[in-house]
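Q: Below, each chain spelled out in residue letters.
There are 2 protein chains.
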Amino acid sequence: MALRFTSEQRLDDRVLERGFTLGEIPGFLWTPSSAAAPTPLILLGHPPIGLHTMYPRLVARARHAAADGFATATIELPGNGDRPLWPALEEARAELRRALRAGEPVGPEIIDPLVLPLVDTAVPEWRAALDALLALPEIDGPVGYSGGIISIGVRLAVVEPRIVAAALFAGSFVPRAIFEEARQVTIPLHVLLQWDDEGNDRQAALDLFDAFASKEKSLHANMGGHAGVPQHAADAAGQFFTRHLK
Amino acid sequence: MALRFTSEQRLDDRVLERGFTLGEIPGFLWTPSSAAAPTPLILLGHPPIGLHTMYPRLVARARHAAADGFATATIELPGNGDRPLWPALEEARAELRRALRAGEPVGPEIIDPLVLPLVDTAVPEWRAALDALLALPEIDGPVGYSGGIISIGVRLAVVEPRIVAAALFAGSFVPRAIFEEARQVTIPLHVLLQWDDEGNDRQAALDLFDAFASKEKSLHANMGGHAGVPQHAADAAGQFFTRHLK
Numbered sequence: 006m007a008l009r010f011t012s013e014q015r016l017d018d019r020v021l022e023r024g025f026t027l028g029e030i031p032g033f034l035w036t037p038s039s040a041a042a043p044t045p046l047i048l049l050g051h052p053p054i055g056l057h058t059m060y061p062r063l064v065a066r067a068r069h070a071a072a073d074g075f076a077t078a079t080i081e082l083p084g085n086g087d088r089p090l091w092p093a094l095e096e097a098r099a100e101l102r103r104a105l106r107a108g109e110p111v112g113p114e115i116i117d118p119l120v121l122p123l124v125d126t127a128v129p130e131w132r133a134a135l136d137a138l139l140a141l142p143e144i145d146g147p148v149g150y151s152g153g154i155i156s157i158g159v160r161l162a163v164v165e166p167r168i169v170a171a172a173l174f175a176g177s178f179v180p181r182a183i184f185e186e187a188r189q190v191t192i193p194l195h196v197l198l199q200w201d202d203e204g205n206d207r208q209a210a211l212d213l214f215d216a217f218a219s220k221e222k223s224l225h226a227n228m229g230g231h232a233g234v235p236q237h238a239a240d241a242a243g244q245f246f247t248r249h250l251k
Numbered sequence: 006m007a008l009r010f011t012s013e014q015r016l017d018d019r020v021l022e023r024g025f026t027l028g029e030i031p032g033f034l035w036t037p038s039s040a041a042a043p044t045p046l047i048l049l050g051h052p053p054i055g056l057h058t059m060y061p062r063l064v065a066r067a068r069h070a071a072a073d074g075f076a077t078a079t080i081e082l083p084g085n086g087d088r089p090l091w092p093a094l095e096e097a098r099a100e101l102r103r104a105l106r107a108g109e110p111v112g113p114e115i116i117d118p119l120v121l122p123l124v125d126t127a128v129p130e131w132r133a134a135l136d137a138l139l140a141l142p143e144i145d146g147p148v149g150y151s152g153g154i155i156s157i158g159v160r161l162a163v164v165e166p167r168i169v170a171a172a173l174f175a176g177s178f179v180p181r182a183i184f185e186e187a188r189q190v191t192i193p194l195h196v197l198l199q200w201d202d203e204g205n206d207r208q209a210a211l212d213l214f215d216a217f218a219s220k221e222k223s224l225h226a227n228m229g230g231h232a233g234v235p236q237h238a239a240d241a242a243g244q245f246f247t248r249h250l251k
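Here the protein sequences line up with chains A and B, keeping their order. My numbering puts the first residue of the first sequence at 6, with every later residue one more than the last. My numbering puts the first residue of the second sequence at 6, with every later residue one more than the last.
Accuracy of the hints is not assured; some may be wrong.
For chains that are exact copies, the list does not tell them apart, and a pair is met inside one copy or across any two.
[Stated by the list, open to error] Capping the alpha-carbon separation at 20 angstroms, the derived lysine to any residue pairs in SDA-like fashion look like this: (1) Lys251 x Ser38; (2) Lys220 x Gln14; (3) Lys251 x Asp240; (4) Lys220 x His231.
Calculated from the structure, these hints are not laboratory results. Keep in mind the model is a prediction, meaning the values are calculated, not measured.
Construct the complete structure from the given sequences, taking the supplied hints into account.
A: Next comes the structure, spelled out in structure tokens:
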């Protein structure tokens, strides 16, 4: 798929933001203005609520990474934002909302049709984005993956050898099949867990962390709900990438 | 109890080490040579294997803290090192070794007589050390506590208001009574857990972390056994104290 830049703006003296399309998929690339040599790249994962909604948080992460000398990029998830509506995804979301409202347990019959099709569709798109981004002269390996839907991060860590380190956010429901894939992950991992995350099963997150085969993996658990990740936890993730991508 | 300096040496241009006795208790104080103003203090906890054995590791921690602008101090635990033998402690240790060799579960009948008398005796001694150290012109509050027997750290966090932040190492057996005390801890905590610690119960460590009432608490779990704490985990503990003691 061809990458075509659609917009360009300097966020300040330090970061250049370029909007792009990859085929029909919208995305952003942020590069540190100061970079003399090609810079390592961090793919910024995000929750399935659309790039427009996520934009301020993504820019904050991009600025932080640029200060550490990293380029960052992201693409829209299938069925989200300006991409075509995906009826099966909408149905699966409605089913999850119904179960949460009813106070029912969220089991595989809800999680699997919600998450697995997203993973199956998104992962090849992120790999295609990687092909296109690494072809740019200003971007270089190695590549990190950070945040977003943890099941996408797990699959990418298994199938994409150019990703050498991942900071994962244990903050979404994980299909059983992904636990099996986790046993094949061997790259260094930095796993963030919000101890009282309302949209997450703490024991499942601990089990998933245990399942990873990586020799270097760290679990950073902090107080608070899904959106309450403290600044020092973001700083620690930055240090993790500095250790592994430089 | 009176603090009397017994030795003094510069470890290099950066750290001054002074041996002392507090009554009959031996200890060390390390201060950054560069410090112009009174410096905050971190009490360095350590496992009950004697200060002589721990010395190289304590000096490494003291150098690290001095580079961050902190004074550090430690005292010998009762029944350890050059302090008088404590027969009840030796019996409790022999009982633990016997159970571990026999592959028996380590229950309260072994943990409580091993740990609770140490906590009951050591905590007033560490508080007396704090009285003496804070009376020195070069030492100032606030005070942090770091590492060592986690039950001592928990008790100190409950009873000693001058300790405003603690980095605890979930690497030793914890009596049930200490879980109850943990519910009274409200200071910021940074808890380190070695995921495959052979001398520690992982689930108990997670339960203890859950029990703390602190609004700011972070659990940092890393791969490896008891002695395998990675350097980046030590760095993260240093950053925790920089956030809370400065």
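Q: Are the CA atoms of Lys251 and Ser38 at most 20 angstroms apart within a copy, between copies, both, or neither?
A: within (18 angstroms within a copy, 33 angstroms between copies)
Q: Give the relationship of Lys220 and Gln14 under a CA distance limit of 20 angstroms: within one copy only, between copies only, both, or neither.
A: Classified as neither: same-chain Cα gap 41 angstroms, cross-chain 40 angstroms, threshold 20 angstroms.
Q: Using 20 angstroms as the alpha carbon limit, work out where Lys251 and Asp240 are close: within a copy, between copies, both or neither.
A: both (16 angstroms within a copy, 18 angstroms between copies)
Q: Between the shortest in-copy and the shortest cross-copy C-alpha distance, which are at most 20 angstroms for Lys220 and His231: within, between, both, or neither?
A: Between. Shortest inter-copy distance 15 angstroms satisfies the 20 angstroms Cα cut-off; intra-copy 27 angstroms does not.
Violation of the numbered hints given earlier is confined to hint 2; every other hint is satisfied by the structure.
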